[in-house]
Each structure stands twice: as C-alpha cells, then as structure tokens.
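Enquirer: Put chain B on the given structure of chain A with help from the hints.
Listed here are the chains, written in short residue letters.
Number of protein chains: 2
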Amino acid sequence: MKVALAQLNYHIGNFEENREKILRAIRQAAAQGADLVVFAELAVCGYPPRDFLEWDEFIDHCERSVELIAAECRGIAAILGAPSRNPNPKGKKLYNSAYLLKDGAVVTRVDKSLLPTYDVFDEYRYFEHNRDYSVIEFGGHRIALTICEDLWNSDEDPLYVTSPMDELVRQQPSLMINIAASPFDYAHREARIKVLQANCRKYGLPLLYVNHTGSQTELIFDGGSLALDRRGRILGEMHYFREDLQVFETGPAEAAVAPEAPGPVEVAGTTEPGKVAGGTEASYASCIADQAIGRIHQALLTGIRDYFHKSGFDKAILGMSGGIDSALVLALTCEALGEENVLAVLMPSEFSSDHSVRDSVEMVRLLGCKHEIISIRDIYDSFLKTLKPQFGDLPFGLAEENLQARARGTLLMALSNKFGYILLNTSNKSENAVGYGTLYGDMCGGLSVIGDLYKTQVFALARYLNRSRERIPQQIITKTPSAELRPGQKDSDSLPDYALLDQVLFQYIELKKTTEEIVKSGFEADLVRKILRMVNLSEYKRYQVPPILRVSPKAFGMGRRIPIVGKYLS
Amino acid sequence: MKVALAQLNYHIGNFEENREKILRAIRQAAAQGADLVVFAELAVCGYPPRDFLEWDEFIDHCERSVELIAAECRGIAAILGAPSRNPNPKGKKLYNSAYLLKDGAVVTRVDKSLLPTYDVFDEYRYFEHNRDYSVIEFGGHRIALTICEDLWNSDEDPLYVTSPMDELVRQQPSLMINIAASPFDYAHREARIKVLQANCRKYGLPLLYVNHTGSQTELIFDGGSLALDRRGRILGEMHYFREDLQVFETGPAEAAVAPEAPGPVEVAGTTEPGKVAGGTEASYASCIADQAIGRIHQALLTGIRDYFHKSGFDKAILGMSGGIDSALVLALTCEALGEENVLAVLMPSEFSSDHSVRDSVEMVRLLGCKHEIISIRDIYDSFLKTLKPQFGDLPFGLAEENLQARARGTLLMALSNKFGYILLNTSNKSENAVGYGTLYGDMCGGLSVIGDLYKTQVFALARYLNRSRERIPQQIITKTPSAELRPGQKDSDSLPDYALLDQVLFQYIELKKTTEEIVKSGFEADLVRKILRMVNLSEYKRYQVPPILRVSPKAFGMGRRIPIVGKYLS
Numbered sequence: 199m200k201v202a203l204a205q206l207n208y209h210i211g212n213f214e215e216n217r218e219k220i221l222r223a224i225r226q227a228a229a230q231g232a233d234l235v236v237f238a239e240l241a242v243c244g245y246p247p248r249d250f251l252e253w254d255e256f257i258d259h260c261e262r263s264v265e266l267i268a269a270e271c272r273g274i275a276a277i278l279g280a281p282s283r284n285p286n287p288k289g290k291k292l293y294n295s296a297y298l299l300k301d302g303a304v305v306t307r308v309d310k311s312l313l314p315t316y317d318v319f320d321e322y323r324y325f326e327h328n329r330d331y332s333v334i335e336f337g338g339h340r341i342a343l344t345i346c347e348d349l350w351n352s353d354e355d356p357l358y359v360t361s362p363m364d365e366l367v368r369q370q371p372s373l374m375i376n377i378a379a380s381p382f383d384y385a386h387r388e389a390r391i392k393v394l395q396a397n398c399r400k401y402g403l404p405l406l407y408v409n410h411t412g413s414q415t416e417l418i419f420d421g422g423s424l425a426l427d428r429r430g431r432i433l434g435e436m437h438y439f440r441e442d443l444q445v446f447e448t449g450p451a452e453a454a455v456a457p458e459a460p461g462p463v464e465v466a467g468t469t470e471p472g473k474v475a476g477g478t479e480a481s482y483a484s485c486i487a488d489q490a491i492g493r494i495h496q497a498l499l500t501g502i503r504d505y506f507h508k509s510g511f512d513k514a515i516l517g518m519s520g521g522i523d524s525a526l527v528l529a530l531t532c533e534a535l536g537e538e539n540v541l542a543v544l545m546p547s548e549f550s551s552d553h554s555v556r557d558s559v560e561m562v563r564l565l566g567c568k569h570e571i572i573s574i575r576d577i578y579d580s581f582l583k584t585l586k587p588q589f590g591d592l593p594f595g596l597a598e599e600n601l602q603a604r605a606r607g608t609l610l611m612a613l614s615n616k617f618g619y620i621l622l623n624t625s626n627k628s629e630n631a632v633g634y635g636t637l638y639g640d641m642c643g644g645l646s647v648i649g650d651l652y653k654t655q656v657f658a659l660a661r662y663l664n665r666s667r668e669r670i671p672q673q674i675i676t677k678t679p680s681a682e683l684r685p686g687q688k689d690s691d692s693l694p695d696y697a698l699l700d701q702v703l704f705q706y707i708e709l710k711k712t713t714e715e716i717v718k719s720g721f722e723a724d725l726v727r728k729i730l731r732m733v734n735l736s737e738y739k740r741y742q743v744p745p746i747l748r749v750s751p752k753a754f755g756m757g758r759r760i761p762i763v764g765k766y767l768s
Numbered sequence: 199m200k201v202a203l204a205q206l207n208y209h210i211g212n213f214e215e216n217r218e219k220i221l222r223a224i225r226q227a228a229a230q231g232a233d234l235v236v237f238a239e240l241a242v243c244g245y246p247p248r249d250f251l252e253w254d255e256f257i258d259h260c261e262r263s264v265e266l267i268a269a270e271c272r273g274i275a276a277i278l279g280a281p282s283r284n285p286n287p288k289g290k291k292l293y294n295s296a297y298l299l300k301d302g303a304v305v306t307r308v309d310k311s312l313l314p315t316y317d318v319f320d321e322y323r324y325f326e327h328n329r330d331y332s333v334i335e336f337g338g339h340r341i342a343l344t345i346c347e348d349l350w351n352s353d354e355d356p357l358y359v360t361s362p363m364d365e366l367v368r369q370q371p372s373l374m375i376n377i378a379a380s381p382f383d384y385a386h387r388e389a390r391i392k393v394l395q396a397n398c399r400k401y402g403l404p405l406l407y408v409n410h411t412g413s414q415t416e417l418i419f420d421g422g423s424l425a426l427d428r429r430g431r432i433l434g435e436m437h438y439f440r441e442d443l444q445v446f447e448t449g450p451a452e453a454a455v456a457p458e459a460p461g462p463v464e465v466a467g468t469t470e471p472g473k474v475a476g477g478t479e480a481s482y483a484s485c486i487a488d489q490a491i492g493r494i495h496q497a498l499l500t501g502i503r504d505y506f507h508k509s510g511f512d513k514a515i516l517g518m519s520g521g522i523d524s525a526l527v528l529a530l531t532c533e534a535l536g537e538e539n540v541l542a543v544l545m546p547s548e549f550s551s552d553h554s555v556r557d558s559v560e561m562v563r564l565l566g567c568k569h570e571i572i573s574i575r576d577i578y579d580s581f582l583k584t585l586k587p588q589f590g591d592l593p594f595g596l597a598e599e600n601l602q603a604r605a606r607g608t609l610l611m612a613l614s615n616k617f618g619y620i621l622l623n624t625s626n627k628s629e630n631a632v633g634y635g636t637l638y639g640d641m642c643g644g645l646s647v648i649g650d651l652y653k654t655q656v657f658a659l660a661r662y663l664n665r666s667r668e669r670i671p672q673q674i675i676t677k678t679p680s681a682e683l684r685p686g687q688k689d690s691d692s693l694p695d696y697a698l699l700d701q702v703l704f705q706y707i708e709l710k711k712t713t714e715e716i717v718k719s720g721f722e723a724d725l726v727r728k729i730l731r732m733v734n735l736s737e738y739k740r741y742q743v744p745p746i747l748r749v750s751p752k753a754f755g756m757g758r759r760i761p762i763v764g765k766y767l768s
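These protein sequence lines are chains A and B, in that order. Mapping of the first sequence onto my numbering: residues 199 to 768, in sequence order. Mapping of the second sequence onto my numbering: residues 199 to 768, in sequence order.
Derived by calculation from the structure, the hints in this document are not laboratory data. Mixed in with the good hints there might be a few duds.
Where chains are identical, the list cannot tell them apart; a pair therefore holds if satisfied intra-copy or between any two copies.
Listed next, the in silico BS3-like pairs over lysine-lysine satisfying Cα-Cα at most 30 Å (straight line) [as the list claims (entries may be wrong)]:
1) Lys300 x Lys765
2) Lys400 x Lys583
3) Lys392 x Lys710
4) Lys739 x Lys616
5) Lys219 x Lys765
6) Lys616 x Lys583
7) Lys765 x Lys739
8) Lys739 x Lys513
9) Lys752 x Lys688
10) Lys291 x Lys718
11) Lys752 x Lys739
12) Lys586 x Lys200
13) Lys765 x Lys752
14) Lys583 x Lys288
15) Lys688 x Lys392
16) Lys718 x Lys752
17) Lys219 x Lys710
18) Lys392 x Lys291
19) Lys291 x Lys400
20) Lys739 x Lys288
21) Lys752 x Lys586
22) Lys583 x Lys568
23) Lys688 x Lys616
24) Lys568 x Lys288
25) Lys711 x Lys739
Chain A with its partners taken away, still in its complex shape (with noise of 0.2 Å):
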C-alpha cells in the first residue's frame, strides 16, 4: 500500500482555502500512485479552533467540508482530521474525529480518547473522550488510527489512566496512523520522536505520522511529519516550517513502511537524521544552545510571515531603540517578510545616547528596510507642561519614564492607523516575566515576535543571524542594556544580570521549581524570592502584553494561566 501524507498550513475558520488545498492534495498524491492519503487533525478547519467549535453553523460547514472532500476520493482513499458530532445525548457535544473516505463517501471514524488539557491546549473544553476502540481495515493493512495525544501517555509519568494503543494492539493492527497538531517548541522533535518510536517499539508496529506546518497566531507548527518502522526507526522525516507531500510504501501487513524516495531532514542546526538527541528534559543550557536557537530562528520567521498573510497585510512597523530587542526583532522581520515591507522609526529623546540613533541607522542601512527619525522631544515637553498643574515640583520618577514610552507608542500607532502598518512589539520574555516594560509604551503591538526569549536567547539568536553576513551591528550586541528613559540608566540598575535572572526565571517558569529547590540550585535566597516576587506582582501587565510566538515549552500567554489579584510568593 502506498500512502502520501500530506502535512499542510491550513487557515483556523478558511473552510474553502483548506478544502481547496486537501484537494490539491488529493490529487498530487493520486498523480503519485498513492491509495491513501493522510490528513493531520482537524485540518478541514485548522487547529486550534477553539471557542468557534460551539458555534452550530461552524460544525456545519467542517461537516460540509468532509462531504465535499469525500465527494473527491475515488480511485484514492483519505484519513482526514474533523471534528464531529457526539450521537449520545450525555457527554460533550462533539469529538475529535479522523474520518476514513474512500470511494466519494465517509466510511468510519475514529474518535480521540486521550483530550489534552494543559499548557496551550483546551480539548476537553470542546470534546467527549472516545472509549471505542476499533482498528480500521484498509489496503490489507489493519490499521490503529490514533489522533495526537492518543500516543502521547507515556509510561514514564501517564497522564491519563488509559492508553488507546493498549486496547487498540489487542486487534492485531499491522500499521499505526496518527493524525496530528502538534506544536513547535525549540525542544519538541526530539521529544516528539522519542514518543513515537517508544509506541513503535512497545507494540512492534510501523507508524506513519502527520502534523500540521504553518502558524496560528501565537501557536507555531513545524511540520516534522514521520514515517517510522516497527523498531523505532526513521525511515521518513518531512520537511519543517513548510508544506511538504510525501509517500511510503508500507508494503504488505507484515512488513515494515518504507520510504519512496530518501525523506529530507532539514532541522536548522539539529542533529543528523534518526540521532535524536539524549534527554527530552528542559534545561536552561539547551535553551540557548546553538541547535535551539536556529530552530526558534525558523520558528520566528514562520510565525511572522504567517501572521501577517493570515491577517492580510503585508507591512511592519516597528520602533527602533538601538538596542538589541528592537534590531533582533528587524532582522527578523526584514527576513520574514522583504525588507521592503519593514518600516524601522527611531524616536530619540534628551536621554538617548548618540549612538542610539547612530547603531540603528546603521542597521538599516544594512538591512535596506525603511526608517524614519522622529524626535519625541516637542511630544514629551508638552505632556510636561500639560501636567505641571498636577505633577508640580515632585521629581523625576516613573511617570515621567512611561511617558517617553508611551509617547512613542502612540507615534507608531498613528503610522500603523495610517499607512497600514501592524506594530510590532519587540518585549523579550525576561522584561515580560519581571514587569520591566511600560503598559501603552513599548508594550504595545500586534504580535510579540520575541516575548518567549529570554534575554540572553536573545544575545544568542543576535548572534546566530549574524554568522554569515553582519545583519545586526556589533556594538548593538556588545553594548550595555539600557532603556535610555533617564540620564545614564542601565537595565542593571533594576533588575539583576540578565545570565543571572534568566536562570532563575527559567527554573521558575520553564521547569516550576519551588523557591527551595531554586536557592539550592546555588542562588541567592533573597535574590530568588525577590525575583519571584517581580514575576507575580506583574502578571496584571503580562494580561495585556499581544499574543506571544510561542518558542519555548512554556511561554506568557494562553499555556499559562495566573491569577490577577492573588497574593503568593508576592
């Protein structure tokens, strides 16, 4: 049996563009002498839908969806992830479906059992768990058709007090298929592979494997689609951070899944094909090694390029401090969508050093993207003068900090609702964890490219785009982190060294660790704590940072939920 799969970016809500592309598909992969052809999860409307699956009519048009889609599958048969709706009157409304068409009809369904709900995922929130389960029979294979998370109950710490393929294997499949939406984090292939050749090895079964590609605002899909054989190995490896069709030969029931042609394995920076690397566990070391910083790289790219094309504008704006958040952020989106696109806007004030304005203009000028300068200076004074009255004499403080901030979101907001420009915001995740930003200053933004790098990812990303060619100016990396907002600040002077903090931000963010557990790792104790302390008294301000390209496996936003008011370790 030949078998294509196809791993596509779908559009969450853009039932024709997804229909259309599951045709191209189809047709692509008919053309290639392929019996069958596997879609990922709940790819007639992309994932995560979310709330939109409470909606009737929205159900309706993915149930539409897989007619027209069925309607098409003669001479060829499809696995295709939708949702569907649950017959029994008890229970959620719906399932997570992956429907079988062959000869222009819907054969079965297999419905997912295991609805992760955690981190960035909400999937009992929608769906009843499936407690059914049948191999499904098709081209002489017995095939155990699994959607996601299905595999993911490891044995090693199950979250879940079954596993589909335990009483799946009792059936005699002679073939997994697992259909899936599985998200980009700079350490998730190897764990993804891991997870799949642990099943292939625990049930002496070849697996074919398809995920989604592409970005859906914050989240970001890599693709990475896998055929493995019965003992774990990688006979295919789809392409990552793009569309890609490919077909395996899975011969007959007994034998393993081969591969058509060699599959390409192209992970910016990864190790070679089928090594995978030791461990899965988090470690503030692997998150800014070279081999995930390049992947974060290709991820940032996608999920800027996705966000603008799914939007439907194709220009940035962006202002530049001449600091390293602001020109990491313009390398990547003169990369992520031409040069041309990109308006870079310097806004110097009384307290930006010369080399703020000069750096930055030389980094257009390597770049090549637009720029304009303008001062804040006429805006801030009038502010000043504006609030005499009530400020009086007291002196310089914060108020007077945020102002400039704000001064100048509002200058790239008026350029943005002008000319069509979407902001974009240029936070890191260690100023996001600590509250060191300003709420309506350099906080705003349609899109937070790297709010889920920690600064020193940030020093390295700044460094791993400048490996062949200087993208971003020298001294903007080697200089020290300031936010220019009063005579000689440096970021120093509020927060701890960044190498510092990020270590300690990481063990409490990444791997929620106890303050204990942290001052024992050899951190101060009043250093910890006061650090923690910053991270909870700020979530009122991570509430309203924009959405965040998710990189890391815990990133500020949607996969992490903290009370507002609430009083811990604060």
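Expert: Same frame as chain A, now just chain B:
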C-alpha cells in the same frame, strides 16, 4: 446535628489570611453550638487558583493549611475544600477535594468527579476525575458529600456521562452537602436554585450548599448559600455579596434540615424568597430587566472593592468624557470606594462639545469626588506637528481620532503612575464586541468595570442608580452617544442603533446562534453579517483588553476563547 455554613471571601494564594478567616469561623460556629462547619470549594487557597496549582510549593501550602486547620477542629468538625495529591501515578497529579476534619486530624476525603471545563472553568487542566463513591458518616448522618459541578449534570442536557449522586444514592445517604465555587451572573441565582432543588427532589434528600462570596479579579462570587429540604423547599438562603455564617439543625437522619432562625434573603430586585423564576434560559429581555440590573449593581460594587482591596490599592482614577459609560463607572466607583478615593479627569479637545465638560463637572459635584480638567489640545497639536513630515496633507481620519484617545490614555496613566491610582477602564460590551474603541487609548485600564454590560444595559443601570436620587445627571443619560473625536461625530455614524446592535450581539455571543437563526429572528441579513464580521475581526483588540468584571453568562475574557488570526464570518 447542628451544621454551620461558612460563606467567606477568600484571597487566592493568601494562605495565612484565608486560614485565619477559616479558624475564626470555626470558633464562631463552635460558639453557636454547631457540630460541623462547612467551608466552600478550594477554600484554603481561594478559587480559581489556576496554574498556581502546578507548583509543588503551592500544594504544600494547601496541605499545611489543611493540617493547621484540622488541629483546631476539637469539639467541632469541619468540611473544607482543598486540592489533594493523586496517589495513583496514572492521571492528573491532583484532585479537587473536600476534607472531613475532626478531633484534630483529617478523617477522610472526598474528591470531585465532574470537572467543569468550559466558559471560565479549566478544572480538567489540573484535576483527575474521581471514580470512587462513598458516603461519609458523621453525627448520625450518612452524608453524600459532593463538590460544586458534581450536582450539575442536568438530566435534560447532561454534559457528563456519569452523575455522582446516582452512585452515592445507592449507599442510602440521609443528607447531601455540596461545597461550591459558583460564580455570579445576573441569571445564576435561579439556575442554581433550580438545579439544587432538582437534586433534592430526584434523590429525596435535604441539601446544605456553601458558596464563595467576594471577587477574584474578573470572577465575582455572590454567596447565597442554601439549605433545602428533601422536597427542595428553601429553608435558608444566606446573604448575597457578603460573608455570612448561619447554623442549621439537620435533626435526625430521616427528617428535613431546619433553619436555626429564619435565614435572610436579600437579592436586590429579586423575586420573593423561595420563589424561583420560571425558566433560566437567557434572553436579551432578561439581561436588561430590573432584576438583572439590580444584581449587576451589587456585583460590580463587589468586583471593584475586592479588586482594589486585594491588590492593596485604594484610589481610582478614570477619564470622564461627558458620556454615559464613564459617568456610570464614576458613580459605581464612588459608591464602591468612597468618593474621597476617586479622581475623575476631564480631558476636553477641540472636538469636545460644551456640554461634555459642563455635564461632567455637574456630576462630580453631585458625587463629591475630586476632579481635574486637563486639555489635550497642546499634546494633540504636538503629535500632529511631530508627525507632519510623515502625514503631510493626508486627510483627517482614524489615526487622528485615535491620537486623541491615546493622548488621554497616556495622561491618565501618567497620573496613575505619579500618584498611585489604579486606572479604571470604561468600555462597554457593545464597543468591545465590535471593536469600537482605541487600543492604548480608551481601552486602557487595570480593570474593566462595565465591559460585560451592553450599551443598553449601561443605560438601564444608569437609570437604576438614579432611582432614589440623581447621581448621573439626566442629560448625560439622554444625550446622543458620541466619541467626540471629530466634528459632529455620533456613534450611529459607524454603528447600528444600540437597541438593534445589542440584540444581535446577544444572540451571537450569549446564545451562540447561527447567522441564519439571527436573521430569521427578525434582523436584516446584511446587517447581521456586518455585525458578526465586526465581532470576529476585532478579536485582536479584545486580546489586549483589561480583565472585565463578569456579570453575564458569557463575558469577554477567559471565558470566551476565539482565534485571533482566523477567517470565519469575517
């Protein structure tokens, strides 16, 4: 057996304060001769603790609280809500539990079976389902102890495949106790009473029910704890929107629960005690009815007060435009915090009508709060002058309108930063729904007070506040709504009439009707499509809105999760 119900206002993560409250209530209940005192769901940590539950340290604190409280249970027993660790390696790591404490120790524990995971609830994110059912014996009773949602699996539209009481009733219980965290909405009292009564009647058992009171950022708990007899008759209905402790006599196992003294029933604008409104189905008419508006009034006061007190702040600032939204928020805030703690800022521009300032000044005099008048003219001019090289001679448009709103937002934030006020947001639900507001302008603020009130509800609440004395000048209520950002502007230039708009929005947002259904209910198809398109295209704005006090069954915020970059009805 005498049972005290302790309805308290907890603070998330504030273990010490919560524990002190609980211990005080235990002493008070003991002094009143109670054999047992019952506290609400997750009382030790407050509800909802969200991802704090993922830290071992947080759970350690919960366990320590349970131990310390158990130690004080001598001569009186307690039922107490707290998370507990799942001893089984399979499944989620926690249970949502009710502990029975007696003779200085934990006697037993009951775990929650049905885990609400919809709207604002995320319980399956953290907790494993209980599958093991046992009544607990205490004071001669066999108690069927359940936790909130466990009693909510309606026979009409069951969301779960099992019902814990169907299992427990086989063990011949004589009394039901339910500990809850059941948030307010304007129709929730009737829904709650109806569901609880249905349980009494179905199982022929009396019921004691304890809820939270007070608010946790956006979620408001209204109290209203209940004692019902086996026929579902209300024997006691505790205070709404404040702490309360009442003792009920359960008598022998075969008798009904009897109140120690007649319990108060004080729901503003409600039907008589025990009289339950017919249906609980939401309708647009019900959301602007006096009953709903009266309750919303109480809820918003609670929401404002607790947001400030639990954040450790006491002073509020807000911008006053002369329109009804800011006027209503001002009146509510003065009532909640005291007029001496409120600063109203009038920020006229060249487009402000004379009556805007006049009406606002009249209102602040009526209320007795402080005010400032700060013209934005110079600031606006300096923005335009600064942007002249970029804007050139392009006609006045949205960019210029937004500039004014952002100048105001920046002024308010400057005063907030300088003097320690929290800025209150004054956007309403109709504006939020269609994106009629300026990000980083009038959409600023730490808390959105009326963001869950449609414009027509804003009018109704304003009239309601004026029922005994004029707090909002009549002309503010009767004037034509306008953002006053360009000459002669009216809301109706961009938006349908609010009476029409709100009805369409209600059907789409609250009732999740399809386009076709809304059109069939009597609205023009093009208009409906235009409105739904506006709603779906403005998701990116709502993502950055402050937390909104939730008073309806479907508020924007954590209870409504829609993709930002989608393409659906848009």
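Enquirer: All the hints need checking, so say for each whether the structure fits it.
Expert: To see whether the hints hold, each was checked on the structure:
Taking the closest pair of Cα atoms, Lys300 and Lys765 come within 30 Å of each other only across two copies (29 Å); inside a single copy the shortest separation is 57 Å, beyond that limit. Taking identical chains as interchangeable, the C-alpha atoms of Lys400 and Lys583 are never at most 30 Å apart, the minima being 73 Å within one chain and 70 Å between chains. In this assembly of identical chains, Lys392 and Lys710 lie within 30 Å of each other by CA distance solely inside one copy; the values are 23 Å within and 42 Å between copies. In this homomeric assembly, Lys739 and Lys616 come within 30 Å of each other (Cα to Cα) both inside a single copy, at 27 Å, and across copies, at 17 Å.
Taking identical chains as interchangeable, the C-alpha atoms of Lys219 and Lys765 lie at most 30 Å apart only when they sit on different chains, with a minimum of 15 Å there against 50 Å within one chain. Taking the shortest alpha-carbon separations for Lys616 and Lys583, both the intra-copy value of 27 Å and the inter-copy value of 15 Å come in at or below 30 Å. Both within a single protomer and between protomers do Lys765 and Lys739 lie at most 30 Å apart by alpha-carbon distance, with minima of 16 Å and 29 Å respectively. Taking the shortest alpha-carbon separations for Lys739 and Lys513, both the intra-copy value of 27 Å and the inter-copy value of 19 Å come in at or below 30 Å.
Taking the shortest alpha-carbon separations for Lys752 and Lys688, only the intra-copy value of 28 Å comes in at or below 30 Å, while the best inter-copy value is 45 Å. For a Cα distance limit of 30 Å, the shortest separation of Lys291 from Lys718 across copies, 24 Å, qualifies, whereas the shortest one inside one copy, 48 Å, does not. Taking the shortest Cα distances, Lys752 and Lys739 sit within 30 Å of each other both inside one copy (18 Å) and across copies (24 Å). Within a single copy, Lys586 and Lys200 get their C-alpha atoms no closer than 76 Å, and across copies no closer than 64 Å, so neither meets the 30 Å cut-off.
Taking the shortest alpha-carbon separations for Lys765 and Lys752, both the intra-copy value of 22 Å and the inter-copy value of 27 Å come in at or below 30 Å. Proximity of Lys583 and Lys288 under a CA criterion of 30 Å is satisfied in neither setting, with 65 Å inside one chain copy and 64 Å between copies. In this homomeric assembly, Lys688 and Lys392 never come within 30 Å of each other (Cα to Cα): the closest approach is 44 Å inside a single copy and 61 Å across copies. Taking identical chains as interchangeable, the C-alpha atoms of Lys718 and Lys752 lie at most 30 Å apart only when both belong to the same chain, with a minimum of 23 Å there against 45 Å between chains.
Taking the closest pair of Cα atoms, Lys219 and Lys710 come within 30 Å of each other only across two copies (29 Å); inside a single copy the shortest separation is 41 Å, beyond that limit. When the C-alpha separation of Lys392 and Lys291 is checked against a cutoff of 30 Å, the pair qualifies only between copies, where the shortest distance is 23 Å, while the shortest distance within a copy is 34 Å. In the homo-oligomer, the alpha carbons of Lys291 and Lys400 lie at most 30 Å apart only across protomers (25 Å), although the nearest pairing inside one protomer, at 33 Å, exceeds that limit. In this assembly of identical chains, Lys739 and Lys288 lie within 30 Å of each other by CA distance neither inside one copy nor across copies; the values are 41 Å within and 36 Å between.
For the homomeric pair Lys752 and Lys586, neither the shortest alpha-carbon distance inside one copy (44 Å) nor that between copies (43 Å) is at most 30 Å. In this homomeric assembly, Lys583 and Lys568 come within 30 Å of each other (Cα to Cα) only across copies, at 21 Å, whereas the closest approach inside a single copy is 33 Å. Taking identical chains as interchangeable, the C-alpha atoms of Lys688 and Lys616 lie at most 30 Å apart only when they sit on different chains, with a minimum of 22 Å there against 34 Å within one chain. For the identical chains of this complex, Lys568 and Lys288 are neighbours neither inside a copy (59 Å) nor across copies (56 Å), given an alpha-carbon limit of 30 Å.
In this assembly of identical chains, Lys711 and Lys739 lie within 30 Å of each other by CA distance solely inside one copy; the values are 23 Å within and 34 Å between copies.
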